[in-house]
Amino acid sequence: MFKHTSRLFLFIAFFASFQESGAQTADKAQVQQYQKQYPKAKAVILKSEIIYRVKFNKKKKLPYVIEDSKETYLALKRGGLSRYVFYDEHSEIKKGKRVGKDAVITKRTKVVCGNYNADGIFYSDAQVCQYPFRFIKEGDTQSLNLMKYYHDPRYFTQVFFTDQLPVIEKKIVFEVPQWMTVDFKAYNFKGFDIQQKKITQSNGSTHYIFTAKRLSPIETYDDVPGQTYTYPHLLILFKDFKKNNQTTTLLGSVDDLYLWYRAVADKVENHPEKLKSIVNDLLKGVDNPEQKVKAIFYWVQDNIRYIAFEDGIAAFKPEDAQKVYAKKYGDCKGMANLMKSMLKVAGFDARLTWIGTNHLVYDYSTPSIAVANHMICTLLLNGKKYYLDATEKYIPFGKYAERIQGRPILIENGEKYWLEKIPVAQKEANQVLKTHFFEIQGESLVGQGKHTYRGEQQKEILYYLNFSSQKKTSELVQLLVDNNNKNCHLDSLRFSNPNQRGGSFTIDYQIKLDNKAASFDNDIYVDLDFYKEFKGFKAEKDRLSNLNLREKVYRQSKVVLQIPAGYQVKHLPKNLNITNPSFSIQVSFTTTKNSQIIYNKTIATTNPVIQKADFVAWNEAIDALGKMYNDQVILTKLKK
Amino acid sequence: MRQIISGTILLMLSLQLTFGQKHEQIQEKMWGISNPAFAITEVPEKWKKESAVIMARHIEYEFKFRANTFHDYTYLRQRIKLQDKNAVQKFSELSFLSYSREKVYNSYFSYDAGRSIRFAVIFSNKTYLGIRIIKPSGKIIEVDPQKEVVKLKTNKKGYEKIAIPNLEVGDILDYYQCDFITNGQQLSEVKEHFFADEYPVLNQTFKVRLHREMFLRYMCMNGFPALKLTNIRGKSIEEYTAYYTKQVLKKNLQWFYPRRSLPVIRFQISRYTRGSQNNYSQQNLRESLFTQKPKWLRFLKKRCKQKYRKGLKKLSKETLVKEMFYVARWWYRELGILLSSDQEPGYLHKKRLQVYAVAQEMAYVLDKYNIKYQFVVVSPRHISPVEQLGFYFERVILLKVENPACWLHLSSGHSLFKTIAPTVQGVKPRLLAPKWEVKYLTNTPISPLSFNKVNSVQQVTLSKQNTLNITRSQQISGAIKLGYQQAVLTKLDIAQSAIKIDIARFALALKHPELLSSRKKIKKERSTQERLARVKTMIEDEYDQKIEKVESFELVQPGRTEEHPNLIFKDAFTLNGFVKKVGPNYIIEAGKLIGGQVEIKENQRKRKYDIYMDYPRSFEHTINFQIPGGYEVKGIDKFNFKVENETGGFISSATKEGNKIIIKSRKFYKHNFEKAEDWGKMVEFLDAAYQFTQQKLLLRKTLD
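Protein sequences appear in the order of chains A and B.
Note that the first sequence covers residues 1 to 640 in the working numbering.
Note that the second sequence covers residues 1 to 704 in the working numbering.
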């Protein structure tokens with residue numbers, strides 16, 4: 001019996017492979033061209049056709065979406081290739097089939113499906129299926145035919161055109177029946193070859209057809225903004241549907257979105273009485289309202305560990321406040337809800353607040369659940385609003401992390417809501433200042449130094465120091481100063497309290513830098529800048545993504561060099577003064593009457609992101625900076 | 001039908017029941033461990049600054065063989081005092097493989113049958129967990145793992161993750177984890193247990209518990225206490241125990257072999273077959289004494305006939321042994337390199353896994369042609385001390401041939417006749433002879449300093465773009481060669497320098513047509529490009545800077561034959577990080593042209609542990625720097641260094657010859673091992689080499 005089936009199976013596979021090889025062939029020249037164009041890619045997506053059909057589920061009385069796709073891969077290298085398809089509680093893979101020449105070999109490796117374990121998320125309901133392919137030789141083609149169901153259109157929010165692999169041609173069709181109202185919002189189409197068409201069918205349904213050609217693969221640089229800023233994609237807004245003479249709203253407007261948020265948030269069962277004792281403990285002897293808020297805010301930052309759960313409704317619904325308190329861990333929603341509850345127990349007016357961090361390009365002009373990826377708590381105090389994000393572990397009250405600055409927020413307010421924006425801090429708030437005083441001893445620079453960190457850098461450093469082994473604190477602080485460079489020797493290292501939020505984090509030390517002053521005959525060549533920030537920090541010219549520096553940069557250095565007795569300045573590097581609307585670099589060397597050289601450097605950016613349009617200017621500035629770093633001070637013996 | 005269903009339900013119920021019962025038993029056993037160390041809550045003053053302190057640890061390995069299945073149980077319980085946020089973060093999330101069931105094929109060598117036996121094994125895994133938190137007030141909170149757990153699944157495996165609730169700095173986390181693994185092997189894998197840990201462990205118990213028919217072979221090394229044997233239930237269970245109350249912290253050091261320096265036990269469990277303990281350990285050894293007729297013998301005959309026009313019997317012994325070695329290298333290693341893994345026929349792959357096969361087959365040929373030799377077995381240096389033999393798969397069989405006097409060891413596809421790999425140099429070989437006396441020969445030879453050498457000659461010019469254009473020629477010999485060969489040789493180079501054997505006929509003969517045109521299949525262009533990428537990475541690692549491209553590369557000699565044993569290649573590239581334009585002058589960081597050197601920082605200057613290196617070696621560099629017209633050179637005298645002592649040295653000099661500056665340097669490590677107390681002497685020359693890299697030449701513009 002077994003033998004028979006296997007033969008039958010072989011026959012079918014054989015037949016199928018014949019069919020395929022007839023359908024898809026790529027000539028050698030084409031393969032070579034792709035290989036040249038995409039040297040790193042294992043394969044290209046030769047053709048991808050995806051049809052989304054909107055249907056109606058009578059039982060659930062809800063529309064659903066069927067994704068029917070066929071993707072053909074052309075191998076540029078022989079060997080394996082894996083394709084991943086995601087699904088979750090609201091979606092399902094109905095069919096996944098690998099077909100094509102040599103699909104028999106491909107199918108020797110089975111499809112593996114299971115939970116998707118993403119970095120930084122403890123548990124999520126995201127599931128993934130891995131479809132392995134094996135190509136015997138370059139130029140072979142195989143396809144993946146897929147059928148996927150989205151059971152609730154509200155959770156079907158985005159469609160991207162780009163892929164991990166280069167895309168040669170991609171066609172996306174939405175078949176929307178007359179009873180359904182859908183809006184498509186296109187992002188980042190500019191600069192890509194994407195055509196769109198709208199065809200009304202005789203049955204009244206509308207086909208929206210998008211055709212994209214020659215899309216580069218998604219880049220793998222570390223310093224990029226979120227993908228929604230760069231890659232062409234559609235945000236799909238299912239507004240409402242008419243069935244049986246009745247219009248049912250899905251997410252037609254931000255009002256609807258808020259209704260949905262509230263409905264989910266109302267499922268939370270907070271028991272504030274269980275928080276009373278901790279709140280009372282924290283507020284004992286504290287009268288000033290601001291001090292009270294700080295006591296609670298900092299306690300949550302310090303004592304609630306961040307662990308993310310994204311499980312079904314738990315991806316949107318906050319955990320009950322008393323549970324977060326008891327477990328001492330929670331995700332952003334749990335922490336926001338605990339903050340709100342504790343503040344309420346203390347007599348304050350606090351609200352849940354939905355926000356999309358700067359990882360997302362969207363704002364509340366679009367009613368989609370894709371707009372928010374984070375939750376914080378808004379406090380109303382003395383007619384002012386304060387935004388409290390307890391997932392940030394070392395942020396002072398009234399200050400905001402870069403990732404939420406300027407971001408639109410939706411604050412709960414009973415039946416209605418408020419739309420606001422988080423205030424944006426000046427770049428100076430992120431100041432990193434390094435000051436040094438040096439004398440020359442032999443081939444070394446000897447003296448004192450001080451580092452001061454504020455804002456984003458301070459927050460990061462405090463986190464890094466507090467969440468590393470306590471045994472290593474001093475070693476890590478030292479690393480901030482000596483950059484693990486053997487030429488740097490430190491003594492009398494002192495630093496401010498790493499638990500102190502606000503103000504600044506400072507490090508003071510005695511320093512000896514070896515091999516930084518080189519004597520040749522009567523001259524001494526001095527390399528004054530030990531840190532050389534942003535040296536070689538150029539952006540790749542032809543990349544798609546902007547350069548994400550993650551903070552508004554404000555780095556300052558000041559070095560005072562005592563000229564040794566009997567010497568005078570023979571050469572100083574040229575000063576630099578580069579100003580651009582999005583960044584600036586200023587460097588100056590001056591000599592003083594009391595035989596000192598003063599070196600001042602400021603590197604600043606207006607935004608955390610350098611736009612692609614500024615890349616040429618940025619790279620030129622970095623080159624000029626590099627040239628300055630390469631130049632040195634020359635001191636020469638005074639002639640007697 | 002109904003009966004079947006009810007039967008299934010019953011079975012399922014009983015399975016659940018046994019699971020529940022089992023868990024209760026384990027719970028009782030693990031929380032009931034009677035060691036008083038598990039009651040201590042106070043951390044000694046000395047360890048208060050640590051991130052965490054492990055107050056007590058109990059680890060127990062249990063082995064059973066039942067119903068043809070090997071049961072391998074590990075019980076771990078530990079009590080951890082969490083002293084900072086880092087520790088809370090680290091221990092607050094547990095994740096583990098909770099369930100797996102997989103069919104794997106295994107084989108074992110049966111002494112009785114005299115051959116390998118292959119069989120299917122169901123490999124399964126189950127984990128039990130218990131968690132308690134002890135608050136500073138003394139309050140004990142029992143955490144129910146079933147309640148907190150989240151399950152992650154794939155088709156075959158289940159993972160569980162637990163976020164431990166209500167865990168704070170100052171708490172003690174007390175937990176046990178028991179892993180039950182069953183499989184059908186006859187032999188457990190080699191297990192290791194170090195007493196050293198990232199955190200101080202105040203009290204450790206180590207146990208191995210064996211049921212009937214099981215046999216333990218172990219090695220306690222570097223101060224691991226001797227095991228105490230107790231018999232339980234008559235003699236049906238044997239329990240071996242060791243206690244340890246010293247605190248050894250794990251270190252990450254350069255030139256450090258943890259198994260040679262830290263207290264460790266290495267052990268392996270097998271089924272007790274017959275005979276005494278001694279017999280068992282020799283059983284595997286005896287296997288290696290079999291000689292096997294090699295499949296490659298006919299290729300050896302054919303090759304010699306073609307090359308020397310003689311039969312094997314008429315060849316000189318030296319020639320015969322040499323040709324045999326290279327045919328074996330081709331069969332076992334070169335074929336493997338030439339074919340990509342998915343192309344490689346299964347049996348060839350399997351062949352390579354049989355650790356002793358090469359030696360056994362070479363021995364067959366030696367026997368046949370009356371060449372005297374000895375079988376010896378050694379353990380690699382990094383695994384165990386010279387006088388202790390490692391475990392089965394770790395051992396290496398060498399052949400010591402009397403005439404021509406040489407050692408035969410095929411360790412890689414580039415191995416040369418008469419050389420042995422550095423891992424088995426300077427170790428004590430145990431003679432394998434049909435009589436089972438324990439007899440050791442004198443240590444295997446350690447290759448001399450002059451044998452392992454890098455010699456590099458560079459021509460350096462300053463370009464108009466303020467970069468350094470470098471063309472260099474490198475000659476590499478001895479054991480250092482292997483790493484370079486892996487980077488600079490393409491498959492085509494290997495194919496061309498391999499012995500010529502009619503591969504087509506061979507492939508057909510073995511019914512593996514995919515082998516047919518393997519030489520043809522190697523695409524020249526592609527493999528050359530891949531090589532350039534590897535060479536680029538090699539250069540970038542060497543100089544710690546990115547280069548745009550490798551301008552040229554030429555392989556002069558692959559170093560794979562005895563006649564031409566050195567690897568020689570030439571390359572050219574541009575370095576942009578070593579030139580500084582200062583006013584009208586240039587500073588050239590010429591010291592850095594010898595590549596990055598070991599940096600010994602302040603906190604690395606003292607050393608407690610001995611220094612284990614792979615082999616004695618030397619690095620010689622000659623830098624010929626072309627002085628550009630219109631400039632004079634200053635700072636030549638700064639390149640003179642001379643440090644030499646009994647551990648090694650660094651010697652350098654610089655001279656001006658015509659319009660060239662010639663800088664020569666030589667760094668050498670005299671031995672493959674140094675005592676910890678000699679670390680200071682090594683640091684002396686390592687520091688000198690580093691300081692050399694900091695030296696600069698000044699090109700001063702001359703007045704026209």
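Quick caveat, the hints were computed from the structure, so don't treat them as lab data.
Positions of the beta carbon are idealized from the N, C-alpha and C atoms, including for glycine.
Watch out, some of these pointers could steer you wrong.
[Unchecked claim] Below, simulated DSSO-like cross-link-like pairs (lysine-lysine); rule was C-alpha separation at most 27 Å, straight line: (1) A/Lys-327 <-> B/Lys-46; (2) A/Lys-574 <-> B/Lys-90; (3) B/Lys-135 <-> A/Lys-472.
[Stated by the list, open to error] Not everything, but these chain B residues come out facing chain A in the computed CB check (under 7 Å): (4) Leu-152; (5) Lys-153; (6) Asn-166; (7) Gly-170; (8) Gln-694.
Violated constraints from the hint list, given by number and in increasing order: Result: hints 1, 2 and 7 break, sorted rising.
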